[in-house]
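Enquirer: Here the structure of chain S is known, so what remains is to put chain F in place on it, guided by the hints.
Going line by line, the protein sequences match chains S and F.
Its first residue numbered 607, the first sequence is counted upward by one per residue in the working numbering.
Its first residue numbered 5, the second sequence is counted upward by one per residue in the working numbering.
There are no misleading hints in this set.
Covered stretches of chain S (chain F as the covering partner; in silico rule of three or more C-beta atoms under 8 Å from a C-beta of chain F):
id, region
1, 624 to 638
2, 654 to 661
3, 665 to 672
Calculated directly from the structure, the hints in this document are not laboratory data.
Everything numeric in this text was worked out from a predicted model, so none of it was measured.
Ideal Cβ positions, reconstructed from N, Cα and C, are used throughout, including at glycine.
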Amino acid sequence: MNSRPQILAALACNLDADILAAALPLLEAGRVEAIEWSFDALFWAEQVPDWFESLLDAYGSEQRLLGHGVYFSLLSGRWTRAQQQWLAQLRQLAARFSFAHITEHFGFFTGQNFHHGAPLPIPYSASTLRLGCDRLGRLAEACRCPVGLENLAFAYSLEEVKRHGEFLDQLVAPVNGFIILDLHNLYCQLHNFSVDYDDLIRLYPLDRVREIHISGGSWEASALEPTRKIRRDTHDEAVPDEVFGLLARTMPRCPNLKYVVLEQLGNALQTEASRRQFGRDFGRLEALVQQHQPAPGRPERLFLPQWPQQPGAVAEDLRLHEQQQQLSQILETSRSYEEARQRLHASALAHTDWELERWAPPMLETALSIAQKWKK
Amino acid sequence: MKLPKVLLSAIAVGVAVQATTSCGSKKSDPKPKTEQQGKEPMNCPGCGLG
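With the rest of the complex left out, here is chain S (with noise of 0.2 Å):
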């Protein structure tokens, strides 16, 4: 009989000397049962180390592990020649690594150039349904394994906050693929728009939920409303109690979780009380997947991969491409929350599907925050 827990606690795992030293104990004591590797942070590497080579492979041998993606800007409005090579070289590390599956993030980037910017999201239409869909089709044939997207922290209204899952639903179907819930973007949206879990966690596909990640974040103050603070999504600190608690409420609401997996940013992994934190967390983790292990015998819904056999001309938004233009140009120029609301109040997004006018004040004054942190 085979003996492998039907839900694996995992490791964000990447080239990084930080998030290393501090898995290595976990490592050696064999309790990383998969590792999620962000494949796209690596390809400026001239060569990869043997030993991370070993690394990947023991893992990918045993199905166990997840490549995921953060650049391929999968909704941006025009397709560009980075995303075409992002797809040629997720080809090539397909063909050389055994993944599991194979993640993106939902949303585009702000950045003029590859790796520089940060995902922020676009309006939920038909147009941008049929570019998303699209493009995780192309992901699909590229790499011939199951796909999945993850929800994202960052939203600028309520109405969005309730319409993401439904819209993550729709993007994924067409390549059967599944969603990865990351329950600290989760938990920034409930705080930041004072949603209850039980209303918010409803209008996710739970059936589709295959991973869950969960990660710690920051606040940060708002000028508009000083006695109000943002949650923000930035992997630079321990997981809160409250994501341990949603995690511990979720897994019982979703039927097909294979992975479990613990993020965090290696610069934030630099101290010895830091890497022992890091240890804390995931041991709690370890604990909750252990005590929801679903009973033995659970049939696994394996999202196999769908794609065009015949696929069309690239799908393009040139509209779309020009407001995401607008958007992070004075999204990643502007000097003030009031510069940037008027700037926006007079571009080719006013009065569109973005409905900018019903833009959370703080939520944009943020928007103005991320951006402008990840530009080059």
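Expert: Relative to chain S, chain F alone:
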């Protein structure tokens, strides 16, 4: 999942000697960490771009 001891040893050595940074060039990393910790972190953000 148990990993071979030889692999774990190789990782330990690799971590010790490889001052790897994921989001920059391996060849050009002239600044000490403290000078670079402004807009761009030493380690790759992966997720956490929020």
